[in-house]
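Chemist: So the protein lines, in turn, are chains L and W. Sequence positions in the first sequence follow my numbering and run 76 to 191. Sequence positions in the second sequence follow my numbering and run 4 to 118.
Simulated from the structure, these hints should not be mistaken for laboratory data. C-beta atoms are modelled at their ideal positions from N, C-alpha and C, and glycine is treated no differently. Please note: incorrect hints may appear among the correct ones.
What the hints assert, rightly or not - What follows is a list of derived Cβ distance ranges for each label pair:
no.	chain 1	residue 1	chain 2	residue 2	range
1	W	Gln58	L	Pro191	45 to 55 Å
2	W	Ser60	L	Ser89	40 to 50 Å
3	W	Pro11	L	Val157	24 to 34 Å
4	W	Val118	L	Ser133	40 to 50 Å
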Amino acid sequence: GDSVTQMEGPVTLSEEAFLTINCTYTATGYPSLFWYVQYPGEGLQLLLKATKADDKGSNKGFEATYRKETTSFHLEKGSVQVSDSAVYFCALRGFLLETSGSRLTFGEGTQLTVNP
Amino acid sequence: SQTIHQWPATLVQPVGSPLSLECTVEGTSNPNLYWYRQAAGRGLQLLFYSVGIGQISSEVPQNLSASRPQDRQFILSSKKLLLSDSGFYLCAWSVIGTLAGNTIYFGEGSWLTVV
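Next comes chain L alone, as it looks inside the complex (with noise of 0.2 Å):
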């Protein structure tokens, strides 16, 4: 079945640093990849997402390119700040909607927390 694996947290980093958060997966076909990020207390939002091979999502200065050669989904920001502390979901949504019922299926989360 489908399946996604994140990067371990947490991540702890300082303001205006570089970020990578690992994402890759394991699916039929040419799923869509999501990015979602939770603020503390909140629900999921959508921060980018793409939805064929080569193709860069893009939001709120971070990245993801969706590489199908290597299954991943790597989400990236040039300059974190201390408003980007908060927990991101990798997610991928498979092709075959008939077997997977629309759902996302999301990796367990990665907690980052940017200090000043």
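With chain L's structure known, arrange chain W on it following the hints.
Modeler: Chain W only, in chain L's frame:
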């Protein structure tokens, strides 16, 4: 624009008591609806999804149930809560259709503590 509401935001319930979490979506018709649970310090687990009124698919066996009495209403229930039911419950929706790229949007979540 579309919005999703779920309530209550927090609740503390004794073991063995019933549960009802409600979720409604506005601004769209015939959405796919989902209930996810996030246990403390862990990822998200899909509990139920629905592609239409009265159509519920369960992902994991448990003492929870879901119902969809109206097009844009999704209810998560339990007759008798267990301690292990504690967690953060998230309702979500997506537009109906076969595009895997359609985004799933989440509500604000409901914190359940079973004591």
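Chemist: Going back to the hint list, which numbers does this structure go against?
Modeler: none
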